[in-house]
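**Student:** Sequence:
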Amino acid sequence: GGAWLAPGFSWCPAIAGVVGASLAVASASVFNMWWERATDPLMNRTRDRPLAARRLAPRAALLFGAALALSSLTILWLWTTPLATALAAGAILSYVLIYTPLKYKTPLALFIGAFPGAVPPLLGWAAITGEVGWGGLSLFAVLLVWQMPHYIAITLFRKDEFARAGIRCVPVVRGDAVARLQAVAWAVGLVPVSLLPTYVGVTGWFYAVVAAALGVAFAVRCARGLSGAPVEGGVRWARGLFVASLLYLPALVAAMAVDALLW
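Numbering (this note's numbering), first residue to last: 34 to 296.
FYI, nobody ran anything at the bench for these hints, they're computed from the structure. It is possible that some hints are incorrect.
[As the list claims (entries may be wrong)] Ranges between beta-carbon positions, derived for each pair:
(1) S55 x W167: 22 to 28 Å
(2) R257 x A284: 18 to 24 Å
(3) R197 x L111: 32 to 38 Å
(4) V233 x A119: 21 to 27 Å
(5) W44 x R207: 46 to 52 Å
(6) A100 x A287: 30 to 36 Å
(7) A210 x D81: 29 to 35 Å
If you're wondering where the values come from, they're calculated on a predicted model, not measured in any experiment. Glycine included, each C-beta is placed from N, C-alpha and C at the ideal position.
Construct the complete structure from the given sequences, taking the supplied hints into account.
**Tutor:** As structure tokens, then:
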């Protein structure tokens, strides 16, 4: 999305940006699984990962992760810009060396981890323009804020698993009520943040209308979690919020794509 919306769009750096960003995400995921190979077997959602299930040797995983990272940075360096390469390197390092260990120490890790998680659209923008720019930052902000209710929902309906693995997420440390309140706050905040691309001139009126409608609908759906529902109802709400977040993001990106064609 970042490359498509950036001024001076060109196919070669755009494709290289997508490939490089995808390889960077894959690399960070592999390193994360290597780091958490002892705790992943304790969680239903991660126990079938290759390292957790002992289908892959830790050394082989490290080498594979390194190869993915090297491939990512090489592609970005050769066919995009130095800034895009630096963003990919920073995202990999911060996700693996900062976010991953912090998960076991503080609930703030979720917010910290959202920064590398939001890098792809910014990287795409930088791959075309060679700079960050307000347009790239607006896309970065949208993805950063979206991640918060999305992942809080996961921690709510997987709370027992996270507790068993020793991960200090909000529901485990501060309780479900606080987690629900935070999810609602982030969902409400997502409404104005999602309009930033239009404010800075990256998108037009069509995107703004769709983004506002999607944001309000998502926030209203999320606000149902403030009712203080019992445990089973709270889990159903969290799963529903998770699904809603998965529908929201591609719909928002589709609105950006259509809007770009209308301009």
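**Student:** Each hint should be assessed against the structure and marked as holding or not.
**Tutor:** Hints, one by one, checked against the model:
1. S55 x W167: 22 to 28 Å: 25 Å, holds
2. R257 x A284: 18 to 24 Å: 19 Å, holds
3. R197 x L111: 32 to 38 Å: 44 Å, violated
4. V233 x A119: 21 to 27 Å: This hint holds: roughly 22 Å between Cβ atoms.
5. W44 x R207: 46 to 52 Å: 47 Å, holds
6. A100 x A287: 30 to 36 Å: Between A100 and A287, where Cβ atoms are some 34 Å apart, the hint holds.
7. A210 x D81: 29 to 35 Å: 32 Å, holds
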